[in-house]
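Chains A and B, in that order, give the protein sequences.
First residue of the first sequence: 337, per the numbering used here; consecutive thereafter.
First residue of the second sequence: 83, per the numbering used here; consecutive thereafter.
None of these hints come from the bench; they were simulated from the model.
Note that the coordinates shown come from a computational prediction; the quantities given were computed from them, not determined experimentally.
Simulated restraints on C-beta separations: (1) A:398 <-> B:373: 50 to 58 Å; (2) A:475 <-> B:366: 48 to 56 Å; (3) B:86 <-> A:526: 44 to 52 Å; (4) B:171 <-> A:449: 29 to 37 Å; (5) A:447 <-> B:167: 39 to 47 Å; (6) B:387 <-> A:398: 45 to 53 Å; (7) A:405 <-> B:387: 51 to 59 Å; (8) B:411 <-> A:513: 51 to 59 Å; (9) A:485 <-> B:396: 27 to 35 Å; (10) B:232 <-> A:416: 52 to 60 Å; (11) B:270 <-> A:405: 33 to 41 Å; (12) A:405 <-> B:161: 55 to 63 Å; (13) A:464 <-> B:86: 15 to 23 Å; (14) A:475 <-> B:322: 53 to 61 Å.
Think about it this way: if two alpha-carbon atoms lie no more than 27 Å apart in a straight line, the pair counts; the simulated DSS-like pairs of lysine-lysine are: (15) B:282 <-> A:413; (16) B:282 <-> A:468; (17) B:91 <-> A:489; (18) A:487 <-> B:401; (19) A:489 <-> A:473; (20) A:489 <-> B:401; (21) A:489 <-> B:86; (22) A:487 <-> B:282; (23) A:473 <-> A:420; (24) A:468 <-> A:420; (25) A:420 <-> B:282; (26) A:350 <-> A:413; (27) B:398 <-> A:489; (28) B:86 <-> A:487; (29) A:468 <-> B:347; (30) B:91 <-> A:468; (31) B:282 <-> B:398; (32) A:468 <-> A:489; (33) B:86 <-> B:401; (34) B:282 <-> A:489; (35) A:350 <-> A:585; (36) A:468 <-> A:487; (37) B:347 <-> B:86; (38) B:161 <-> B:215; (39) A:489 <-> B:406; (40) A:487 <-> B:347.
Note that the Cβ used here is the ideal one computed from N, Cα and C, for glycine as well.
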Amino acid sequence: MTASHSQPILQIEKLTKRFGGLIALSEVSFDVREGEILGVIGPNGAGKTTLFDVITGRYRATGGKVFYRGEDITGLKPHELVQKGISRSFQLEVLFGNLSVLQHLMLSRHLHTEVGFLDSFFHTPGHREREKSTEAKAMELLTFVGLEDQKDKTANSLSHGYQRSLGIAVALGTEPRLLLLDEPLSALSPERVDVILDLIRTIRDQGVTVVVIEHNMGALFRICDRVVVLSVGEKIAEGLPEDIKENEKVIKAYLGGAVVA
Amino acid sequence: MKHKNLWRKRAGVLAVILAAFFLPVFVKSPYWLHVLITMWTYIIVTASLRFTITMGEWSFAHVPLMGMGAYASALLMMKLGISFWMALPLGVLVTAAISIFIYWPCLPTTGTFFFFTSFAFGEVMRLCWARFKNPFGGTGGLVLIPAPNPIHLPGFPIIEFGPLYKIPYYYLGLVLMLFSLLMLYLLEGSRLGRVAEAIKESNLLSQFVGIRVWRYKMVILVIGAAFAAIGGSIYAHYTTLVLPVDFYWGLGVYIVIYAVVGGTKRFSGPIVGVILFVLLRELLRPIVMYVPLVYGLILAATLTFLPDGVTSLPEKISKWIERKRMAKA
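Just chain A, same shape as in the assembly (with noise of 0.2 Å):
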């Protein structure tokens, strides 16, 4: 599509992730593009996820490096991606448990909410205003993915489905450029799948660049512009989704076990 051009917003180059002796990832490279949907795939224990927590700050890479726009990011902590821009949903379901689905959304706007500490420490007319409108603007993100009917139930009490939609808009409520998504589509029906597609093809069409990890390759290759293919901690194959479908390396993973290198 019209990525294929443009820069890389994201480079990851060599990454290394060991837990003791376990090798989770190793020396993987490839690039983000900005404007793109790039899929991540690969079989159980490939370090997917590993993949995202490393890039994301909640695991120290053992080597390699990171550059966001550029930039080395290797090693930045979570709250400090985020500020530039980098967001990511989970694939278990990380919420606030016991907050309303309003109440997630207006804490997605920490970064974006300039509260004087003592306007909100008085409640001050100023601050009820900025509340007013950062409120406003939590219900849009909620009408934007559908939720804006399930403001006041907390988190808990969801069903599965909405709760996935819930972790997306949270992530989106920080207002990322580039939105990591691990395993969007897992455990959902297969309705709740096209709606999950559907969020994410307008997410990209709003400017965002998305990376999507996710199992459900069919459903993945619809979406996506370029797959990245993980197994055993190794990348082996990068490409167009059409080109990957007829890899054998790719084939050979996912049917008859892991692929020595």
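Please build the complex by placing chain B on the supplied structure of chain A, with the hints as guidance.
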């Protein structure tokens, strides 16, 4: 409906405050005044502990930090000769600064580990008071701590503090308690309170919406320590004697029991908890050796039947009545 409830609540709070102000008109016995003065300090300490709990970690260094406030303000007054009205805020600042060092090594841990590391570092500080005779007075502590300086208000008689006058201490404690509660209440409603709630619910997601979790946790703990220090300072200048053993871990356990039985989810929880236990303790005076046993049983019963504490009872009852009504209809 909601508005009406809010006003009723406000009127209720105002009535309680007024009642507290006029209580000494009816309560003349120095003994009961003493009980009430101690109650005010415990309310400050327990409410500030609950404030730190809103971000999900239980600090066991809280009572030693209350002790630090007691030592700091007493020593400032005794060694530097400054007025109590300066020593109190300075002591609070000193304690807040020291709490940063106490909590620094604790903060990488969470949950049970935080509870125990904060216990350990609080205990280290407490043992320093016992070990160093200068300036802390060793295990014998500080004695003859001066009373607060008299207050001269133009047009009023001079208010003097001394061992024979309980009433000035009563109002000193009451005013400082109301001030602390107001501050803690406003803090909880501010941005800081919201962030604390978020951190409690999910440390991980908080980081990924851009919250500087470490810094916010530290700020909350330091604020908690500062208010504990206010309680400690009143205690020191009222009793005129502080010992390292006054702030041993047992008091920490009692404070936690007050907070839990009162309920940590509501602001009123620790206040109600302290009042209940102070009254209960007076009831138990004939069998004082069984106090820990009774407290333990009450704690166990609360955790089993009312995990959100006594203050969750009204809501539970009204829900129960509603359910009955629904079943009938």
